[in-house]
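Q: With these hints in hand, go ahead and build the complete structure from the sequences.
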Amino acid sequence: MRLRGRKGILESIESQPELVVLDGTAYKGRWNEFFGNNNPIYVELGMGKGQFISTQSFRNPGINFIGVDMYDELVRRASEKARRIWAERGVDSPPNLALLRANIEFVEDIFAEDELERVYLNFSDPWPKAKHARRRLTHPRFVSKYMKALNTRGEIHFKTDSVSLFEYSLNSFADMELLTRNIALNLHKDGLRDDLVPTEYEMKFFNRGQNIHRIEVLIGDEAIAAYRSAKRDAAAAEAARAVEANEEADNEQDSESADE
Numbered sequence: 001m002r003l004r005g006r007k008g009i010l011e012s013i014e015s016q017p018e019l020v021v022l023d024g025t026a027y028k029g030r031w032n033e034f035f036g037n038n039n040p041i042y043v044e045l046g047m048g049k050g051q052f053i054s055t056q057s058f059r060n061p062g063i064n065f066i067g068v069d070m071y072d073e074l075v076r077r078a079s080e081k082a083r084r085i086w087a088e089r090g091v092d093s094p095p096n097l098a099l100l101r102a103n104i105e106f107v108e109d110i111f112a113e114d115e116l117e118r119v120y121l122n123f124s125d126p127w128p129k130a131k132h133a134r135r136r137l138t139h140p141r142f143v144s145k146y147m148k149a150l151n152t153r154g155e156i157h158f159k160t161d162s163v164s165l166f167e168y169s170l171n172s173f174a175d176m177e178l179l180t181r182n183i184a185l186n187l188h189k190d191g192l193r194d195d196l197v198p199t200e201y202e203m204k205f206f207n208r209g210q211n212i213h214r215i216e217v218l219i220g221d222e223a224i225a226a227y228r229s230a231k232r233d234a235a236a237a238e239a240a241r242a243v244e245a246n247e248e249a250d251n252e253q254d255s256e257s258a259d260e
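Quick note: the sequence shown uses the UniProt record's numbering, first residue 1, plus one each step.
Careful: at least some of the hints might be erroneous.
[Said to hold, decoys possible] The calculated lysine-lysine pairs, modelled on DSSO-like cross-linking and capped at a C-alpha distance of 30 Å, are: (1) Lys145 to Lys231; (2) Lys189 to Lys231; (3) Lys148 to Lys28; (4) Lys204 to Lys49; (5) Lys129 to Lys145.
[Stated by the list, open to error] Using C-beta positions, here's what the derived DEER-type ranges look like: (6) Gly8 to Ala174: 44 to 54 Å; (7) Ala133 to Glu14: 33 to 43 Å; (8) Thr25 to Asp195: 17 to 27 Å; (9) Lys204 to Glu248: 42 to 52 Å; (10) Glu248 to Ala112: 51 to 61 Å; (11) Glu248 to Gly36: 49 to 59 Å.
Because the hints were derived from the structure by calculation, they are not lab data. Note that this is a predicted model, so its numbers are computed, not measured. By construction, the Cβ of each residue, glycine as well, lies at the ideal position given by its N, Cα and C atoms.
A: As structure tokens, then:
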């Protein structure tokens with residue numbers, strides 16, 4: 001991928017140490033020090049121009065967000081996007097956002113074990129040729145890296161417009177025996193979901209009428225336990241409603257028999 005950008009790109013991002021991190025290895029295991037708190041950390045791997053991660057940080061001040069991309073120009077554009085979004089609150093630099101220039105290939109050198117709570121993979125390169133499968137960000141070798149960095153509440157949220165990549169990813173998660181939920185083959189079939197933050201690509205695809213596929217993968221023990229508990233509670237509530245409905249039907253039948 002080649003990006004044409006204006007002169008002074010590197011100088012621009014180097015002048016923003018409060019927002020832009022050029023050496024993520026320096027913060028491995030101590031990203032809480034960069035943010036100055038112990039809030040959960042959510043990471044987007046492949047942030048592009050930063051619409052998604054910047055909006056997430058704006059909407060969720062109690063969570064720390066890190067957007068990762070390897071291109072200086074995209075990091076620069078993301079910094080401009082973030083500052084524009086946060087300017088609505090009169091804030092120059094988002095307090096809960098870091099824009100990290102890094103190659104996702106070396107993610108294990110940037111984040112320590114249990115340091116993250118969520119990983120976002122939005123519209124990653126599908127690498128359609130079979131010989132390039134190992135480059136896909138949902139390939140087991142990458143997923144294994146995410147799993148090490150995710151804590152007990154850890155999750156992976158994945159979105160794509162590529163049918164082939166989505167099918168591949170479903171099989172990849174299944175082969176790794178990972179628990180999944182909220183699988184959507186057409187995420188916005190009833191209109192744009194306002195409870196989810198769209199990316200720039202997502203808006204383009206939505207406006208063209210293209211399907212968006214999405215899935216959530218539960219990694220941490222607490223995340224899995226909470227999901228299973230919620231499923232049990234929902235099943236128990238449904239059973240209770242069924243019993244109540246049967247009792248009401250029996251009472252109505254008894255009443256009708258008495259009237260006769």
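Q: For each hint, tell me whether it holds in the structure or not.
A: Structure-based check of all given hints:
1. Lys145 to Lys231: holds (28 Å)
2. Lys189 to Lys231: With Cα atoms ~25 Å apart, lysine 189 and lysine 231 stay inside 30 Å; holds.
3. Lys148 to Lys28: holds (13 Å)
4. Lys204 to Lys49: Between lysine 204 and lysine 49 the Cα gap is close to 14 Å, so the pair holds against 30 Å.
5. Lys129 to Lys145: holds (23 Å)
6. Gly8 to Ala174: 44 to 54 Å: For glycine 8 and alanine 174 the Cβ distance comes to about 47 Å; the hint holds.
7. Ala133 to Glu14: 33 to 43 Å: holds (36 Å)
8. Thr25 to Asp195: 17 to 27 Å: violated (35 Å)
9. Lys204 to Glu248: 42 to 52 Å: holds (51 Å)
10. Glu248 to Ala112: 51 to 61 Å: holds (56 Å)
11. Glu248 to Gly36: 49 to 59 Å: holds (57 Å)
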